[in-house]
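In case you want the letters, here they are:
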Amino acid sequence: ELKVEQNPLFLSMQEGKNYTIYCNYSTTSDRLYWYRQDPGKSLESLFVLLSNGAVKQEGRLMASLDTKARLSTLHITAAVHDLSATYFCAVEVGNQFYFGTGTSLTVIP
Amino acid sequence: GAGVSQSPSNKVTEKGKDVELRCDPISGHTALYWYRQSLGQGLEFLIYFQGNSAPDKSGLPSDRFSAERTGGSVSTLTIQRTQQEDSAVYLCASSPLQYNEQFFGPGTRLTVL
Numbered sequence: 001e002l003k004v005e006q007n008p009l010f011l012s013m014q015e016g017k018n019y020t021i022y023c024n025y026s027t028t029s030d031r032l033y034w035y036r037q038d039p040g041k042s043l044e045s046l047f048v049l050l051s052n053g054a055v056k057q058e059g060r061l062m063a064s065l066d067t068k069a070r071l072s073t074l075h076i077t078a079a080v081h082d083l084s085a086t087y088f089c090a091v092e093v094g095n096q097f098y099f100g101t102g103t104s105l106t107v108i109p
Numbered sequence: 001g002a003g004v005s006q007s008p009s010n011k012v013t014e015k016g017k018d019v020e021l022r023c024d025p026i027s028g029h030t031a032l033y034w035y036r037q038s039l040g041q042g043l044e045f046l047i048y049f050q051g052n053s054a055p056d057k058s059g060l061p062s063d064r065f066s067a068e069r070t071g072g073s074v075s076t077l078t079i080q081r082t083q084q085e086d087s088a089v090y091l092c093a094s095s096p097l098q099y100n101e102q103f104f105g106p107g108t109r110l111t112v113l
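So the protein sequences, as listed, match chains A and B.
Just so it is clear: in the first sequence, position 109 is 109 by this note's numbering, and no numbers are missing.
Just so it is clear: in the second sequence, position 88 is 88 by this note's numbering, and no numbers are missing.
Hints were generated in silico from the structure; no laboratory data involved.
Built from N, CA and C at the ideal position, the CB exists for glycine as well.
Hints should not be assumed to be uniformly reliable.
If you want a taste of the chain A side facing chain B, the calculated C-beta under 10 Å gives, among others [to be verified]:
{"id": "1", "residue": "Gln6"}
{"id": "2", "residue": "Tyr19"}
{"id": "3", "residue": "Tyr35"}
{"id": "4", "residue": "Glu44"}
{"id": "5", "residue": "Val48"}
{"id": "6", "residue": "Arg70"}
{"id": "7", "residue": "Phe88"}
{"id": "8", "residue": "Phe97"}
{"id": "9", "residue": "Gly100"}
{"id": "10", "residue": "Ser104"}
{"id": "11", "residue": "Thr106"}
{"id": "12", "residue": "Val107"}
{"id": "13", "residue": "Pro109"}
Label pairs and their in silico Cβ distance ranges [unchecked claim]:
{"id": "14", "chain 1": "B", "residue 1": "Glu44", "chain 2": "A", "residue 2": "Asn7", "range": "11 to 21 Å"}
{"id": "15", "chain 1": "B", "residue 1": "Arg22", "chain 2": "A", "residue 2": "Arg60", "range": "28 to 38 Å"}
{"id": "16", "chain 1": "A", "residue 1": "Val93", "chain 2": "B", "residue 2": "Gln83", "range": "41 to 51 Å"}
{"id": "17", "chain 1": "B", "residue 1": "Gln80", "chain 2": "A", "residue 2": "Lys68", "range": "22 to 32 Å"}
{"id": "18", "chain 1": "B", "residue 1": "Gly28", "chain 2": "A", "residue 2": "Glu44", "range": "40 to 50 Å"}
{"id": "19", "chain 1": "A", "residue 1": "Lys68", "chain 2": "B", "residue 2": "Ser66", "range": "37 to 47 Å"}
{"id": "20", "chain 1": "B", "residue 1": "Gln50", "chain 2": "A", "residue 2": "Glu1", "range": "19 to 29 Å"}
{"id": "21", "chain 1": "B", "residue 1": "Arg64", "chain 2": "A", "residue 2": "Asn7", "range": "41 to 51 Å"}
Construct all of the structure, not just a fragment, from the sequences and the given hints.
Shown next as structure tokens:
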């Protein structure tokens, strides 16, 4: 059974600090996606990583993919309150997308 | 442009009733996906369509669940004889190609009493 594990599940951090969210998966895939979900809202696409070594950055968020280690990271730089949300990674295998359980991020002023 | 839309946004039904959930994908998107999200959980893949065909239905939780897509556009997810454990948010997503990022709709919150 394919597993997609995120850690931490819950993250409380102060504004201005840096932190990394990890996404480990248990099968071969070179396609990984990161999404953001605000409370009561749907999912918003953040990053699409389509090859080993892919790195993408948008504002204070940077995502990377290491397909050999089956690991993706989402790095947060100098967090601000607006980044508070739940972040999901998703691995694409064949025709299916497997989502992690999510990391609930709270940025404290 | 218009995003993915879903209707109804909320549905409350009694146990044993049938429900139909609708998804209107972004125009021109060939791939369409259905997911279920239970409270505080991640997303559970249900089914995906490429055009009007559904190559993989293995994610559907039981034979009470079915889905169809017509004209390569609108899709409906039908749940027959609903049970309380069916209560969840049902999300639809579409993408322009099979292997590409997905654009999610706002979801339908289903509550089975």
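Hints versus structure:
| no. | hint | verdict |
| --- | --- | --- |
| 1 | Gln6 | 8 Å, holds |
| 2 | Tyr19 | 20 Å, violated |
| 3 | Tyr35 | 8 Å, holds |
| 4 | Glu44 | 7 Å, holds |
| 5 | Val48 | 5 Å, holds |
| 6 | Arg70 | 18 Å, violated |
| 7 | Phe88 | 6 Å, holds |
| 8 | Phe97 | 6 Å, holds |
| 9 | Gly100 | 6 Å, holds |
| 10 | Ser104 | 9 Å, holds |
| 11 | Thr106 | 15 Å, violated |
| 12 | Val107 | 20 Å, violated |
| 13 | Pro109 | 25 Å, violated |
| 14 | Glu44/B with Asn7/A: 11 to 21 Å | 20 Å, holds |
| 15 | Arg22/B with Arg60/A: 28 to 38 Å | 37 Å, holds |
| 16 | Val93/A with Gln83/B: 41 to 51 Å | 29 Å, violated |
| 17 | Gln80/B with Lys68/A: 22 to 32 Å | 45 Å, violated |
| 18 | Gly28/B with Glu44/A: 40 to 50 Å | 20 Å, violated |
| 19 | Lys68/A with Ser66/B: 37 to 47 Å | 40 Å, holds |
| 20 | Gln50/B with Glu1/A: 19 to 29 Å | 24 Å, holds |
| 21 | Arg64/B with Asn7/A: 41 to 51 Å | 35 Å, violated |
Going down the numbered hints, you'll see the structure goes against 2, 6, 11, 12, 13, 16, 17, 18, 21, while the others check out.
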